[in-house]
Amino acid sequence: MTDASLPAAAPKSLLVADGRTRRRKAAETRFRLYGVAAIAIGLLALVFLLTSVLGNGVNAFRQTFVEIPVTLDEAVLDKTGTRDPKAMAKVTTVSYGKLIQQALEAELATRGIDTSALTEKQVMSLMSKEAPADLRRQVLADPLLIGQTITFDAFATSRVDGYFKGRVTMESASRDSNITPEQLVVAEAMAGAGLIETRWNWRFLTAPDASELRPEAAGLGVAILGSAYMMLIVLVLSLPIGVATSIYLEEMAPKNRWTDLIEVNIANLAAVPSIVYGILALALFINFMGLPQSAPIVGGLVLTLMTLPTIIIATRAALQAVPPSIRDAALGVGASKMQSIFHHVLPLAMPGILTGTILGLARALGESAPLLLIGMVAFVKDFPSAPPEGLMQPATALPVQVYQWTQRSDPAFVERASGAIIVLLTFLLTMNAVAIILRRRFERRW
Amino acid sequence: MNVMQIAERATATATAKMTARGVQVHYGENHALKDVDVDILAGTVTAFIGPSGCGKSTFLRCLNRMNDTVASARVTGEIRLDGEDIYDRRVDPVTLRARVGMVFQKPNPFPKSIYENVAYGPRIHGLTRNRAELDQVVETSLRKAALWNEVKDRLQAPGTGLSGGQQQRLCIARAIATAPEVLLMDEPCSALDPIATAQVEELIDELHTQFSVVIVTHSMQQAARVSQRTAFFHLGHLVEYGETGQIFTNPRDPRTESYITGRIG
Amino acid sequence: MGIGLLILIVLGLAGCGFLLGRQRALSLVEGDARRLHSLPSYYGWSVLLFTAVPALLLTAAWLFLQPTVVAHRVAASIPEATVTARGGLDLVMTDIRRISEGLDLIARREGLDTKAVAALGTDTALKERLGAVGVAAGAGSDPAVFDAALAWRETSAGLHRAMTIAVLLLAAAGFLFAFLRISPALRARNLVEQFVLVLLISCSLIAVATTFGIIASLVAESWSFFRIYPASEFFLSTVWNPKFGGGSQLGLWPLVWGTIYVSLIALAVAVPIGLLAAIYLSEYATPRLRATVKPLLEILAGIPSIVYGLFALITVGPILRDWFAMPMGLGASSSSVMTAGVVMGIMLIPYVSSLSDDIINAVPQAMRDGSFGLGATQSETVKRVVLPAALPGIVGAVLLAASRAIGETMIVVMGAGAAAKLSLNPFEAMTTVTVKIVSQLTGDTEFASPETLVAFALGLTLFCFTLALNVAALVIVRKYREQYE
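Protein chains in written order, with this note's numbering: chain A, 1 to 446; chain B, 1 to 265; chain C, 1 to 485.
Worth flagging that the hints you see were computed from the coordinates, not collected in a lab.
Only a predicted model underlies this, so the values are computations on that prediction, with no experimental measurement involved.
Just to be clear, a hint being listed does not mean it is correct.
Short derived list, chain C residues pointing at chain B, Cβ under 8 Å [to be verified]:
#	residue
1	G251
2	A362
3	A366
4	M367
5	D369
6	F372
7	G373
8	A376
9	T377
10	E380
11	V385
12	P388
Covered by chain C, according to a simulated footprint, are these stretches of chain B (three or more residues, beta-carbon under 8 Å) [said to hold, decoys possible]:
#	stretch
13	26 to 35
14	58 to 70
15	95 to 104
16	107 to 113
17	144 to 158
Just a sample of chain B residues kept apart from chain C, beta carbon distances all over 12 Å, derived [what the hints assert, rightly or not]:
#	residue
18	A42
19	D88
20	D253
21	G262
Note that the Cβ used here is the ideal one computed from N, Cα and C, for glycine as well.
With the hints as constraints, model all of the structure from the sequences given.
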């Protein structure tokens, strides 16, 4: 080898980096770090977002209950003694309230809990204002309970609940007009005696919303049902319409100005802000057609219009992914165009279409802005009945319920709003997981 | 071989600029190049020929470590530039590529002006101190690439607006501007028409006085026209390597002969 | 007859139509299907489609229009005095609707006939009976309202009967028409396919109809707004001060400023982070890292905006206030332009990153090879070759993100505040176009007042803004894609 004698080797050695090369390498490292930092910030934001919401929300699923034996006195609850529901319905919650109060005081006395620092009203207000109504409902549902002594589970008031969850402290209670430290001392004693306990609360998922003053009783039942109704409408309407539109545009339509217009149109509809759809729904469905406000049918229709572009775009992609050779094969044995599509192309594209539909539904489920405009922010305490009538009755929806709760002044509602978000995210996660599984299971590479 | 013109070769004693010993390349499971030994001589045009997939482009890309950009590629063996192992851990491929430039199969001008295309290399390597020097480098490079007369009035026009042949000469000018010692050309004429091909070949012939040129080509005629030395690759093996005249007129290996006479490939 | 039953009958008829049509086609050729023009099932399909589709369409149309017609008729019969006494036609109509629903429930529960229901009007316990079925109607004791509710029930029932008859007739007519047309020479397949094609086309027109509906409703209501409120004031005034008693100042500029300010902050967060993340993922990351990080970032795009709104409200707002705004003396409000902007920026990161990622990947590898072949480092290649080449596409992506930011509602409703201000302090609460659309349309207000109608003018402004951005972005991205195809 003669190259050892080449003079160029010393100053231009590959093995020794000169200053400029070192600077360039440093710039390279910096640039890489920027990228890593950007990704880290993005991921941290995700983690921060989820932990903040989840951390605030998990407590909403647990609730503090006051558990006392209540004797259901026939003389108070059913004076006639006939167990006639109509007559019993005349007994108002006030009478039930008195009954509970007596039971509570008696129980505290037997357990030897000192309530001398509290007024009668303060003792009673350890319990939710919902308690008498709860008991009344329980009794009306089962009149045979009258005369017996039952163990009555009542919600503790939200401040007591907050105290056991750490949200309320003695110090904050002293500045609070709704609770006093003395009440908390009694509550603490009751917990020691096993009268108060914090546990899992199904009624957060099943009960309807409750008024501003009783956050402990508020639940998501109506919201979940309303969202389910709307998703039903969206699915039933947007899937067939979306698939039909895609088939027409992708397979049948001539390429001309008119179809070009439709395509540009769909692309733009996908990017129209959701609030504009709300305005459309308000003007068209409610003011013009006279459909009822707050009804799932209106929400379902507006979400359908919003979801259509998503489904159309996904379906067209799925149709495009079916290779032309399949169509040619069908046409080649004498099938008509329509037959080749419905017999061969559509079944092959179905997994893709379903995946797109589920993702579209997930998007619709989380949408809230348009629903605000069609009156779904209303306070709804009654469950809508079964479809089809129920579709016309007032309901609310999960994301809107979250918004509504955040607008209330009692901080206990923030916990419930976060809890509702957890429910919403669980639904979304499930839907996305189903979509991913569908895609993995049926994905076909041509 | 009757139609082939074989140029007269200057076979003066040239020193080896690059030496490759026992080079093996794997792409994942695929063993693409098997045990190749080649010396690239200074001031010569070396042609790599062989059928598609024989490993000639792969080997070319080893010479300036372009295979580093392919995640699955694994190179073993030893390649030295002026006696220094280019796969040494201390070697920055960036410095290596400044000295071993490359021109690609398809013309790939950057979406910038003609001037900026040529000035790109000098700028990133900091080869010039001021604008005047840069102008000078750009002009010289374009002149060497025989493009100056065609583009001198529109240096600020986008490089993508040139014709295919002009684009390829622009890419050659871009490579020359960094003042490399070895210039690798990966089928530089395969996307060009015959006239543009002739221009590029003429250019290669002029360039080899200043650089070592290594050219991968599919066309045996082209190899015969422009190169002094030829290496024939087949199925990842280097079959034969020697003087171009000898390879084309008197191949030692039967496979080389079959390829040259058109029986395999 | 209930709607569900009606639909079932129509579908049943259509099903029979399929079988009978098929049967008839076969019997016409004595079972030799080869003598038919089309497969026997197509004859069945033709009957099915002609039976079901027109009848179902009529049902849908009727159901949509019936409430309007009923309300119209009933409204005409209510005495003027009742309307004024009960605070407007809308409220009276709501009462009427609820009472008639309550009467329906009572009638169903107790098995009353029409006469017995009418007699309820004199029942002193009507209120309680309505209450028992869950209808709280204080107006039930007003005879005019009760009469109107009865009229409502009657008209609805009448129309419902008419619909049932019309739908059944239409289904039968379609059935007969298609059934009698069947002959061996009938091109049943072509007929069915034509029919289906028409269905497909009408579905694809829904998208156009939606756009038309959006524009029509926005323009029509904005028009009525500008008739009662001067357009020059709206477009030029810098004061937004709605008063529900009248004499409002409804200037657009404070809202537009708030919108732009929030969007700019959002983009200032999202564009650098999104772009750098996209560059790292497409140029540097190993396939495994990319396959993990990309979906994770995209989760951010799948989270509904209400979640971001809550995040802004309970987490980011207080943090920004306690750690930045208060120490720097810039304000004590937890809802601020900064809060909404930062949270919105987080939401937009995946939009910017996935779009840019696609666009960077569309830059041909040959371009990168050219640069590497000259001895450029990877970052030099990215900065000097890839990014300039991808620039138009990235601009398109940023425009799309900007259009999202402008149209975003929940984050600003919950995070930005409600005060319409022209201020530069990012820690002050300001408001945006979308916030005001929500607040002007969700209050209990009279619909014809300028304070409500202004929301439509705002909506129109918003629509035009985002449309312009979207179209520009689409055109740029499309041009860019063509360049490398």
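Evaluation of the provided hints:
1. Taking 8 Å as the C-beta cut-off, the interface hint given for G251/C is violated, the closest approach to chain B being about 45 Å.
2. Here the hint on A362/C is broken, as its CB sits about 13 Å from the closest CB of chain B, past 8 Å.
3. The beta carbon of A366/C is positioned within 8 Å of a beta carbon in chain B (closest approach about 4 Å), and the interface hint is therefore held.
4. With a cut of 8 Å, the hint placing M367/C at the interface with chain B holds, because the nearest CB-to-CB distance is about 6 Å.
5. Look at D369/C: its Cβ gets to within about 6 Å of chain B, closer than 8 Å, so that hint holds up.
6. This hint holds: F372/C has a C-beta 6 Å from the nearest C-beta of chain B, less than the 8 Å allowed.
7. With 8 Å as the threshold, the beta carbon of G373/C comes within range of chain B, its nearest partner Cβ sitting at about 3 Å, so the hint holds.
8. Nearest Cβ of chain B to the Cβ of A376/C: about 5 Å, under the 8 Å cut. The hint holds.
9. Against a cut-off of 8 Å between C-beta atoms, the interface hint on T377/C holds, since the closest Cβ of chain B lies about 5 Å away.
10. The interface hint given for E380/C holds, since its Cβ lies 5 Å from the closest Cβ of chain B, which is under the 8 Å cut-off.
11. At about 5 Å, the closest approach between the beta carbon of V385/C and any beta carbon in chain B falls short of 8 Å, and the interface hint on this residue holds.
12. Evaluation of the P388/C hint against chain B yields a held restraint, the C-beta minimum of about 6 Å falling below 8 Å.
13. Using a Cβ-Cβ cut-off of 8 Å, 0 residues of the stretch 26 to 35 of chain B lie near chain C, which falls short of the minimum of three, so the contact claim is violated.
14. Note: the stretch 58 to 70 of chain B has 3 residues with beta-carbon separation from chain C under 8 Å; the three-residue rule is met and the coverage holds.
15. Counting residues of the stretch 95 to 104 of chain B whose C-beta lies closer than 8 Å to any C-beta of chain C gives 9; at least three are required, and the coverage claim holds.
16. Evaluation of the coverage hint for the stretch 107 to 113 of chain B: fulfilled, as 5 residues show C-beta separations to chain C shorter than 8 Å, against a requirement of three.
17. Check result for the stretch 144 to 158 of chain B against chain C: violated, 0 residues qualifying (beta carbon to beta carbon below 8 Å, three or more required).
18. For A42/B, the requirement that its beta carbon stay farther than 12 Å from each beta carbon of chain C is met, with the minimum near 20 Å.
19. With a least CB separation of 17 Å from chain C, D88/B remains clear of the 12 Å interface cut-off, as annotated.
20. For D253/B, the shortest C-beta to C-beta distance to chain C comes to about 32 Å, beyond the 12 Å cut-off, and the non-interface label holds.
21. Under the 12 Å C-beta cut-off, the non-interface status given to G262/B relative to chain C holds; the minimum distance is some 31 Å.
Figure legend: structure checked against the earlier numbered hints; hints not met, in rising order: 1, 2, 13 and 17.
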